[in-house]
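K.L.:
One-letter residues, chain by chain:
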Amino acid sequence: MRLAIVGGRVFDPASGWDGQERDIYLADGRVVDFLPAVDQVINARGLAVTPAGLEIRSPVAGFGQNFLRLWGGLPSPAELGHTYALLGYTHVHEPCLTLPTANYVHQELAALPIVDTSASLAINLRDVDLWLQDPQKLADVGEAWAYLLESTRCLNLRVVEPFVKFRQDFYRYRALTEEVVVNRLLTIREQMRLPLTMEATPALLTLNLPVHPGLHLSGLGAALTDEALLDRALHLLATGLTADMGLLPPAPRPGFPSRPVQVDLGWFQPFDLLPELEPQVARRALRLAVQGKEWRLAFSVASLLSLPLSSFSQVFAWLGDAASRRRDWGDVQLEGTHSFTDWLRATRLLPAQYLGLTDRGHLQPGARGDVALYDLLGSDTWAKNCQRCRLLFKAGELVVHNYEVVQPHVAKATYYRRTQAVPNKLVADLCQYRSLRPENLQVRVQPHQHWQQVA
Amino acid sequence: MRIPLEARIESAVCPGCACLCDDIDVTVVDGRVYQAANICLWGASKVLGHKRFHPKKERRRLAQPLIRHRGRWQTVSVDAAIDRTAEILIKARQPVVYGLTNAGCGAQAAALQVARQAQARLEPADLAWKAPYYQSLKKYGVFWATLEVIRDEADTLVFWGANPLHSCPRHVVRYSIFARGRFTERGYDERRLAAVDIHRTELADLVELFLQVEPGQELSLLQEVLTATAAAGGAVSKKARRLAAMLQEAHYGVIFFGRGVSYGPTPELLDGLAGLTARLNEHTPFVLFPLSTDFNAVGLYHLLLRELGSPLAPDFGAGEVSFHAEPLRWTDVDALLVVGADPFWFLSAAEIQDLHERRVPVVALSPVANRTTGHAEVVLPVALAGVETPELAYRMDGLPLSLPALLPASLPSDQQLLQQLAAALGCSHRGMACV
Ligand code: SF4
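These protein sequence lines map, in sequence, to chains C and V. Taking the working numbering, I'd label the letters of the first sequence as residues 5 to 459. Taking the working numbering, I'd label the letters of the second sequence as residues 3 to 437.
Honestly, I wouldn't trust all of these hints.
[Stated by the list, open to error] Pulled a few chain V residues facing chain C out of the computed Cβ check, cut under 10 Å:
(1) His304
(2) Leu310
(3) Gly400
[Said to hold, decoys possible] Chain C regions said to be covered by chain V (calculated; three or more residues, Cβ under 8 Å):
(4) 107-121
(5) 437-445
These are calculated hints, taken from the structure and not from any lab test. Values in this document were obtained by computation on a predicted structure and should not be read as measured data. Note that beta-carbon positions come from the ideal geometry of N, C-alpha and C, so glycine has one too.
Chain C with its partners taken away, still in its complex shape (with noise of 0.2 Å):
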């Protein structure tokens, strides 16, 4: 199929389009520099063409997800599914798979339709403490690390408890700490060259983190506990690391309990699925997102159940209109604002490089031929604009039309890397702490989910 999408604005942030009138060529799925004759035209004229989103950061297939249900957070699968692909989201990341877990997230990310998926392996450092504490064993645990990150079927590592710690005093001389953990995780990532995400907290982003390409800090918006890491965020991206974060709401969303909803799945602190909202922090986030848009700063929402997708135009108004800002906000004090690009930079391009999905977040020849088409209300107004997606191409695809989901079989992929390791004595020891065998701790291959290798 060869399809041209004529007289739309373009608005680009890897090509440094901002809103050019010019023509985008698909065909066979990707985007090409220019076809003579084409199979359909698309007339693109009042619209913007943009590269389709990518979510990164809301969980929505973890382990514990399905608890949220009860107080009617989280929409099903298919709703889910159906609303991303109308906000102009082709890619759906979930942030947190663990090794016994990893089964469970691959059924739930097959659940939701239209969208690719992916995951992060969450590890574990308790799991690993003594391996971790001899130098002599790092190459062991990052060529376990990339065997399993291939088994169970993820696109990258990441490290939520970027310390080891114990809850029995027994073990208390086993502990280790950020600055000790981070050291050793650089070396494990310059021997295997696997892209590392640590989880920031206010201890990691005070330490003196270098700039690594392939490091990456997620979450930097509920670590932002005092004012003084606010300003230690901003350096660091000014430094040029790159990170994620989610955005929090002025305050917690009516209806939901006030009592703690968490899973423990073996590590130092159970995982709060319902955080407590702390206004201050909420506004940090925002004043980072808006300060960090000149950085290497991703983002979407914390979690859709403080912020559901229904509100994502609201809180990107946030961001691209004072207004708004004010109305949500009150008075915070918060100079600038971002562009419909700096937003597209945000929630498209970085994600896909965090991701490592070259082809993916922008319109150069060669990536996939993934077009959102939004209504342009004006510059000014943006966050209206991507309130509803008119037209969404998946890899040349037309999946929504007139804000209507068309096609909602369309065919969707998990992506996870290929690292070709083999176990050694440090997964044999992993897994024997498990409550399953090895084989069945492995991702099992259901015949109807079409997975899909990065190298």
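With the hints as your guide, set chain V with the ligand onto chain C.
P.N.:
Leaving out everything else, chain V with the ligand in the frame of chain C:
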């Protein structure tokens, strides 16, 4: 996939109960299970096809679809049995799709589709004690842990109306009483154990504190424990005080509750247990954990929550879906489709009599003859899920496991038949002939 007649299958998953033990090594000879290592007697009954705890008594497998005509069984084709079932469901005003806790995820999803098409109510077999549990979570919040974490960390376990030795035998060695975990290396010697039941069970010989209560007295015991754990004083019996002290001294605790809670005022009991867990949780990790028995009960609630946003029984009868926490009244039912359950095992004589007198048609999908198939108008034999057909099921802590087929199947799976039924119902509603 073709299953060879002779094979050695390692790390198979047992569909005997919600433990879904994944360390079963099976030897197949001549298309039959010759040997199954690591399996308990309960699981063996499923895999080897004998009666529970009676290895010498074989269970009678059903071979052909049957329709009862003027009181006599007639062998019919699968298509005819499906058509008759569709007819029954369409004619009914209040049809119910019942059971499903002993069915794989594929069958459960297909049954949900059938319930939608037939505008029926879908009733999980263990709704009586699971609905109040989920309602209590909604009120008190959730602290959940996987069995692996419980094995590794929990030093205090309470079994309330639950006897794992009967409902999920290997639970005690793999995850609870005797299990050795990463931080519980001495297993049994390192744990404090208590049990509350209306009967003296085998647990009485294993636990430090066994509280046998009169039927109907569980709630007052629980209230006394709540009082004892609260800062404010109040009259508390010695046994309640001992249990409360044990709970408060825990470093990591779990309250396993089982079907036994359905004898008491279940909503109040679950409310009390969840409230107690939440209170204990303010100081130390504590989990309230339903000890599901049927192999995929958890999968069913997972499906309902995920697809419909509620773990309660959905009723598609009124055009829009409504949800019920109360178990159904059998006197309201006018057609019953049973999958993965045997309700006639526990229905009272009066309830069965009433169903007979009102000529409520019963359709049973089952691999074996049981009390429900004995009362059914239509019987559809199915392959054994997780033994003869591959399935997916959720372990009691919510982790999904793939169950491979161990033996070749000569019968269709319940999932296939339910999908066929859903298609037949879809066609009938649109007035089309199904081809
Ligand atoms: S405990 Fe349950 S799953 Fe494990 S072998 Fe026995 S019946 Fe099977």
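K.L.:
Does each hint hold? Answer for all of them.
P.N.:
These are the hints, each one checked on the structure:
1. His304: holds (6 Å)
2. Leu310: Where the cut-off is 10 Å and the nearest Cβ of chain C is about 7 Å from Leu310 (chain V), the hint holds.
3. Gly400: holds (7 Å)
4. 107-121: holds (count 5)
5. 437-445: holds (count 7)
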